[in-house]
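Line by line, the protein sequences give chains Z and V.
When the letters of the first sequence are read in order and numbered with the numbering used here, they come out as residues -19 to 221.
When the letters of the second sequence are read in order and numbered with the numbering used here, they come out as residues 279 to 384.
Hints were generated in silico from the structure; no laboratory data involved.
Quick caveat, the model's predicted, so the values are computed rather than measured.
We put the CB at the ideal spot given by N, CA and C, even for glycine.
Just so you know, not all the hints are guaranteed correct.
Claimed, not checked - According to the in silico footprint, chain V covers these stretches of chain Z (three or more CB under 8 Å from chain V):
#, segment
1, 22 to 30
2, 118 to 125
3, 153 to 160
4, 176 to 187
As the list claims (entries may be wrong) - Just the calculated beta-carbon pair ranges, DEER-fashion:
#, chain 1, residue 1, chain 2, residue 2, range
5, Z, M(-19), V, A349, 41 to 47 Å
6, Z, G45, V, L356, 24 to 30 Å
7, Z, Q131, V, G339, 17 to 23 Å
8, V, A291, Z, Q131, 16 to 22 Å
9, V, G382, Z, N43, 33 to 39 Å
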Amino acid sequence: MSRTDLRAGAMAILPMLIGVIPFGLVAGVTPVANGLGAGAAVGFSTVVFAGASQLAAIDVLSNGGAAIVAALAALTINLRMLLYSASIAPYLSRETFGRRMVVAYLMTDQAYAVSINDWAGESTDDRRPATLQRRFSYYVGAGLTLWTTWQASTVAGALLGRSVPDSVPLDFAVPLVFLVLLIPTLSHLHAVVAAAVGGIVTVIALELGVGPLAVMIGALVGVAAGAVVDTTDPVERASLR
Amino acid sequence: MSATWTAILLAGAGTFAMRASFLAAAHRLAAVPPWVQRLLRQIPPAALASLVVPALVRPDGQLSFAQPRLAAGVLAALVAWRTRNVALTLVVGLAALVVAEALGWT
Chain Z
-19 MSRTDLRAGA MAILPMLIGV IPFGLVAGVT PVANGLGAGA AVGFSTVVFA GASQLAAIDV
41 LSNGGAAIVA ALAALTINLR MLLYSASIAP YLSRETFGRR MVVAYLMTDQ AYAVSINDWA
101 GESTDDRRPA TLQRRFSYYV GAGLTLWTTW QASTVAGALL GRSVPDSVPL DFAVPLVFLV
161 LLIPTLSHLH AVVAAAVGGI VTVIALELGV GPLAVMIGAL VGVAAGAVVD TTDPVERASL
221 R
Chain V
279 MSATWTAILL AGAGTFAMRA SFLAAAHRLA AVPPWVQRLL RQIPPAALAS LVVPALVRPD
339 GQLSFAQPRL AAGVLAALVA WRTRNVALTL VVGLAALVVA EALGWT
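If we strip away everything but chain V, and leave its shape as in the complex, we get (with noise of 0.2 Å):
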């Protein structure tokens, strides 16, 4: 077998038992305790942020404040707070962005 499908099938089979770990096992979760509860409630926010935030301050893998996507991420942080609006937020993000590169912001 070629390298390539060893290491898609190996990434494959590693990725499923991630997504299946705790999902095999829950029939076994006959209730989930309190303080368990307060850790999982804090899973979406935090793995969420550990996504966005990078891709907004180091877009080309260096800290850096003063460029577009950052500008473009923050006002579309408003949109999708004020609007909760999934495409509106995704059009205004791209285009501030568009405009700010267009306008020789990079």
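The following block holds chain Z by itself, in its conformation from the complex (with noise of 0.2 Å):
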């Protein structure tokens, strides 16, 4: 581990905890509110540690659902997490099983969206010791910075058992966040392509009264005309990474 580089990926999610800190403040109200115990809250945050997946099982099981039923709901909404890892993996290939697990179990949002954005331009055919080095590093270092935060915010908010105040629109941080770390991703035509397909998509779905599948939906088909666009943009054919 690089401590300049654990340091670096820290300095990069840091600014992202505004939008973190108040939402693991609901994560770790909301289901004691719901009566599920302060118990529940940290094991939701540890275990899962998926904050809007956390929330909708928490829905499902304080309405009286199964626990089947809270799981599916949570796992829908986490289904981008596949997207992550494939998009992840290429760069990490030549890491121990170890490391990798360690990627997935810190994998978040934020903590994939900056390191990816961090290791834009480079290599996967990169394998250095040296470079594999910094990524892990990079990438444990916003993970960690983002994990311990969310965990002392849940706990935070189940024991003072009261959320931020209404007037601040904080739950607003959150797409806030998202719209940061894609802002840098658009810099080539078929990217903008698969980010206005993408979000065109997911609103039609959820108009269509699809539920949370929608994100997964529209990101696939983003995907996909992103991919038609590249293939015919000679621009990016130049500059493959």
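Mind docking these for me? Both chains are given alone in their own frames, and the hints should help you get the complex.
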């Protein structure tokens, strides 16, 4: 592990914690407010460690739904992790299995996106030990910072038993963080197409009543649309990473 | 075991399996074919936009363009684009929403 790169990853994710802390407080408050107990709050945050899906599962459980229904609600929301795993795997293919499983456990939208932004432009064929070391350290620096913040804010929410005041719309910080992560990815025409199609298809799917599956459907259609444009974009071909 | 803990363990195991999926098999990826790379390159913009756009255009679960979250989001996108500054983007986006709502725009 390289201390410089650990710190670089942590610094990259640090400002995003403005969006993570209120979300973590809600993840701590909600199970307690619904009678599931503080233990469940900590259980969800450590074992599942994926905010929106935790809240979906808690919602099912507090309405008397079965465990399997709650778990399926959570897993539907987390399907995009399959995409992140596929996207990041080529960069870490020469890492040990143990380290790859650490990367898997720490995977979040934010840790994934800051890392893939940092590695953008690097060849996945670059497998020099120093490169691998730097990638892993950067990812862990980002991932562990977010993990620690998530756990601390969950516990704080569960203990305090109340959420941040409604007058400050801090829930809006979550999509703003995703927006900040999205903008630098839009450096090529194919990426703009992937994003535009992905966003529009997700909205259409939601309007059609698809529910949380809409994000995965939109993302997959966006990926396909971007790839189609990518093959016919000579500029991108010339600068193949 | 309570339904809550059954749900936690099922959701946790399934989520970890999805996070680990391709990473677990990564050592078999000797070289990623160009057409796969072409698909993988689209994942960050497509996935992030799928999360962002609905939050901006249907914040209350209904498609709506004349509301402050879309306006604040567009402003924040401009700040993110021009400055690449995460903290500034969050502050401007949140402040724009607070001001718009204080002025009675909902």
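Verification of the hints:
For the segment 22 to 30 of chain Z, the assignment as covered by chain V holds, since 6 residues bring a beta-carbon within under 8 Å of that chain's beta-carbons and 3 suffice. Evaluation of the coverage hint for the segment 118 to 125 of chain Z: breached, as 0 residues show C-beta separations to chain V shorter than 8 Å, against a requirement of three. Given a C-beta distance limit of less than 8 Å, the hint that chain V covers the segment 153 to 160 of chain Z holds, as 8 residues qualify and 3 suffice. Residue count for the segment 176 to 187 of chain Z with a Cβ under 8 Å from a Cβ of chain V: 10. That meets the three needed, and the coverage hint holds.
Evaluation of the 41 to 47 Å hint for M(-19)/Z and A349/V yields a pass: the beta carbon distance comes to about 43 Å. Between G45/Z and L356/V the C-beta distance comes to about 42 Å, which lies outside the given range of 24 to 30 Å. For Q131/Z paired with G339/V, a C-beta distance near 30 Å fails the hint of 17 to 23 Å. Checked against the hint of 16 to 22 Å, the C-beta distance between A291/V and Q131/Z comes to roughly 19 Å, which is consistent with it.
Distance hint check: the CB atoms of G382/V and N43/Z are about 34 Å apart, consistent with the given range 33 to 39 Å.
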